[in-house]
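Student: Sequence:
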Amino acid sequence: MKKHYILTAVAALALSFGSCSDFLERDPDQILTEDQVFGDANMIKSVLANYYGRVTWGQNTEDSYSYILLDEACRSDGGPDNTQTFSDTQWRVYDYGLIRNINQFLAGVRAAKVLDKDVQLSIEGEARFLRAWTYFNMCRGMGGMPIVGDEVFEYKAGMDITAMQYPRSTEAELYDYIIKECTEIAPLLPEAPSINGARATKWAALMLKARAALYAGSIANYNNKMVNPIKTAGGEVGIPADKAKGYYETALSTAKEVIASGKYQLQNSKPNDKGKNFYEAVCVKENNKEVIWARDYKYPGQTVEFTKLNIPATHAEDIDRCMYSPILNLVEAFEYVDNREGGIKTKDAQGNYIFYNKPEDAFANKDARLYGSIIYPGAPFKGMPVPLQAGRKSLENGVWVSETAKGGTTDAQGNVITSFNGPTTTNEQFINKSGFFFRKFLDETPMSSTRGRNSDMWFPRFRFAEAVMIAAEASFELNKPADAVTYINMVRERAGIQPLTVVTFDDIVQENRVEFAFEDHRYWDLKRWRIADKVWNGIPNDPNAQQYALFPYVINEPGNPNNGKWVFDKQPVHMAPYPRYFQPKHYYNFIDQGWINNNPKLVKNPYQ
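Counting from 1, one number per residue, gives the positions in the sequence shown under UniProt numbering.
Treat the hints with caution; some may be incorrect.
Stated by the list, open to error - Here are the computed lysine to aspartate or glutamate pairs in the EDC-like style, where the Cα-Cα straight-line distance is at most 20 Å: (1) Lys117 - Asp63; (2) Lys570 - Asp348; (3) Lys534 - Asp88; (4) Lys570 - Asp361; (5) Lys225 - Asp506; (6) Lys285 - Asp456; (7) Lys263 - Asp242.
As the list claims (entries may be wrong) - Derived Cβ-Cβ restraints for the label pairs, each shown as a range: (8) Gly262 - Gly408: 32 to 38 Å; (9) Trp595 - Ala111: 27 to 33 Å; (10) Trp595 - Lys347: 19 to 25 Å; (11) Pro577 - Lys263: 44 to 50 Å.
Since the hints were made in silico from the structure, they are not lab data. The C-beta atom is built at its ideal place from N, Cα and C for all residues, glycine as well.
All chains should be built: construct the whole structure from the sequences, respecting the hints.
Tutor: What follows is the structure, encoded as structure tokens:
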């Protein structure tokens, strides 16, 4: 019976990366002793696999709701989302339980006799990488936090607990620790890409190093340019300005090492269909040349509901659909091929409607990344167009008047009034409210939108494109304008849009927004640049803070030369009545009083 239980435990861990935070803490009678774990190479790998399943934080496809908090998507199910301001604990990570587990694991692996030396070092590198990733996620939210190194605290009755109470590091010290760890572990990790990018490699470690250095450089640079820099007396928050250059240099040299490695590339396997190429570069695992590290899923056993929740109603394979929808704000961030202004043209200079033969014509000649990221009216999914029609317009006394209905309604002649997909401004559930659907991370695999199957679409954490954009940004900040132009044009060329001759800060912001939409970059980028409070300023009808929709209408005016053509209305999203409001206090998560009660050496963050 005991043998069967042990084998079941191993199989469960091998198949699932689910939570098992007390795995090494449990009583041996309940599960396994440490000798049993570290005396079996397969068990060691299974425990490591468990840790990989515990490091998914921030905006991601396991939490579709996370996309509506910014200026990327809105809610489409049920009544309005009354969110306005951000949480003091938004995407906060504080997981010293995981760090302790990893430290226990490292001690066991280093003493294990069942692993070849190279395997042992590689596993140690992976565990330390996951620990560095955990610290990075803590640091980007809260600033400096206690660094415990390899310490495993063992409390015994009567002991002096002050020895286990570490103070917060400075923000710079924690970024330095992450950078140092990544430098040390990179040689321990494999150089060859891992299957589906699921495990850490040398290049994943270097990407984390480059990103951490870029974040630190940004804070040292832009925080100190604020009218009221956000910092604490002890440096737990805020980095001195004179450190910016060194961090940018580290980010640039590390990104260049990844670029020069030849292990990954800006995938361009379909140069004649740049939109599909971009979708496949981000979303398709098979023969992928771009994704360096990802949260992988595999059917059966490990799947994600994103496709099921967000698929258009016309393409749904089950009862779920249309829960969340991309918004016009993001769509208009994508440039036109021949015009850097990305606004959708709905009216002429005189305020008259612009008529389109087909709804998709309004999006012709857009940045190809739009086609790989968002489904717009008439765009295809699984080889079939996605209809989006809010209603019909006809003339009354020389004025265009809208006729709308419940989703899926037709007139007596069978002509559609409002399509099954919407969009609508009602509280009707499972119908679009913005005029757009997700394309990025929407799985084309048959039955992937059903409850019985779900999707095993991965979620990339590091892509080669990020190495290129880090190089572009760091070059810009280091006053290397020619290099900045070279790097940023690499991603623009793949997208099929015009090259730049000079790079500005706004170009860096723009390029990151469209390249990494829905990939957990936008929130952190605006924070490190210290512009989040300016973009999400809480002002009603502000073009950035207010969420906007685009509603397509077909002209229903027989005899009129525009009959059967299409027009569009831009309007605030019904489901998001309030503009997004990011306050200075949101640049750093709050420190809980309960943590301070347990460790009085912790200090609070600004604005608490």
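Student: Please go over all the hints and tell whether each is borne out by the structure.
Tutor: Against the structure, the hints:
{"no.": "1", "hint": "Lys117 - Asp63", "in the structure": "39 Å, violated"}
{"no.": "2", "hint": "Lys570 - Asp348", "in the structure": "14 Å, holds"}
{"no.": "3", "hint": "Lys534 - Asp88", "in the structure": "18 Å, holds"}
{"no.": "4", "hint": "Lys570 - Asp361", "in the structure": "16 Å, holds"}
{"no.": "5", "hint": "Lys225 - Asp506", "in the structure": "16 Å, holds"}
{"no.": "6", "hint": "Lys285 - Asp456", "in the structure": "10 Å, holds"}
{"no.": "7", "hint": "Lys263 - Asp242", "in the structure": "34 Å, violated"}
{"no.": "8", "hint": "Gly262 - Gly408: 32 to 38 Å", "in the structure": "52 Å, violated"}
{"no.": "9", "hint": "Trp595 - Ala111: 27 to 33 Å", "in the structure": "32 Å, holds"}
{"no.": "10", "hint": "Trp595 - Lys347: 19 to 25 Å", "in the structure": "54 Å, violated"}
{"no.": "11", "hint": "Pro577 - Lys263: 44 to 50 Å", "in the structure": "48 Å, holds"}
Of the numbered hints stated above, those contradicted by the structure are hints 1, 7, 8, 10, listed in ascending order.
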